[in-house]
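If you count by this note's numbering, then the sequence shown holds residues 6 to 328, one letter each, in order.
In case anyone wonders, no lab produced these hints; they're calculated from the structure. It is possible that some hints are incorrect.
Computed cross-link-like contacts, BS3-like style, restricted to lysine-lysine with a CA-CA straight-line distance of at most 25 angstroms [claimed, not checked]:
id, residue 1, residue 2
1, K284, K313
2, K115, K181
3, K295, K271
4, K217, K9
5, K252, K284
6, K243, K148
7, K72, K29
8, K155, K140
9, K252, K211
10, K281, K313
11, K155, K181
12, K29, K217
13, K295, K313
14, K184, K9
15, K72, K284
16, K8, K217
17, K217, K148
18, K140, K284
19, K313, K302
20, K29, K9
21, K148, K163
22, K271, K252
23, K184, K211
24, K29, K148
25, K217, K140
26, K271, K155
27, K243, K302
28, K163, K252
29, K252, K295
30, K53, K148
31, K53, K155
32, K295, K284
33, K148, K50
FRET-style restraints, in silico, Cβ to Cβ [what the hints assert, rightly or not]:
id, residue 1, residue 2, range
34, D136, P265, 25 to 33 angstroms
35, E294, G102, 44 to 52 angstroms
36, N185, E266, 41 to 49 angstroms
Quick reminder that beta carbons are idealized off the backbone N, C-alpha and C, glycines included.
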Amino acid sequence: MFKKPNVVVIGGGTGLSNLLRGLKHFPVNLSAIVSVADDGGSTGKLRKDYDMPAPGDLRNVMVSLSKQESLIEEMFQYRFTEGELEGHCLGNIMLTGMMNLTGSMTQATKALSDMLDLYGEVIPVSNQALDLCAKLSNGDIVKGESTIGKAVTETSAKIEYVFYEEDANATRRAMKAIKNADFVIFGIGSLYTSIAPNLIIEGIKKELAYSKAEKIYVCNAMQQPGETVGYSVADHVKAIEQHLEGKVDTVFANNNTNIPEDILQKYFNDGVDVVKIDKENLTGYNLVEKDLLEIDKSTNWIRHNYLKLGMELYAYILQNSQK
């Protein structure tokens, strides 16, 4: 009898939502552990007013895992344009209200997830209001998730590592999900401000160290201004393992280099390029190379095709679940 594998995806931002949007269509027990260190926009205002974990990435993940995605997206992403609520998303307001009712962001996400009947479990990595900091190669310490990329761009320094000022505690639900996982997936998304902020929390790091689950990193297709200029696939993996203080088993990387010149030029103008697959630096890893890309017609930016990515990940999971 087929037993659905337990798959935990760890990250934040639009990359995590895109990955989940594809994987939800396949028979896996899906849990998303989501970063809560964002401090910009509506999220930043609510954090300041309520001393709470960031709701924005949680909101986006809930939308991506919903069964009626277009309806839930229209509701959760609705942004007020006037009055005291100007700039706030309805989904952020709902999560804030539910947190005040239930006593924690963990309970708030569970309550809303149950109401919405999502395809998977949405779990905040922490119930704390965390301030992400970065140590740069020029010696500077930068505080605040939304300011890190700006500081890197302005100084041309590189990020050495990220950390929290306070002692960060993982939620029990996040640790339990990792403990029960058959596969743990990191990415896609901002390396230092979406993925690494989860890995540096001691409870998460400890559970991942004990876990027998296969650990898969889905590498970004393009370098990111303010974070990973000049990075190869191996550079991304090295940064993940540095913050994880552990090893990745498998690396998914895009091998489609047939990208229109006019699209690439937009990236070149920002000083970034395609993330190169440097196989010579990836010995010892199970490297999976696939064509995973598409052009977003509304923006003309490159992104992962979520159905392609979901299909390739599930095929890999299915094949390796039977070992």
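For a quick check of understanding: which of the numbered hints are violated here, in increasing order? 11, 15, 17, 18, 22, 24, 25, 27, 34
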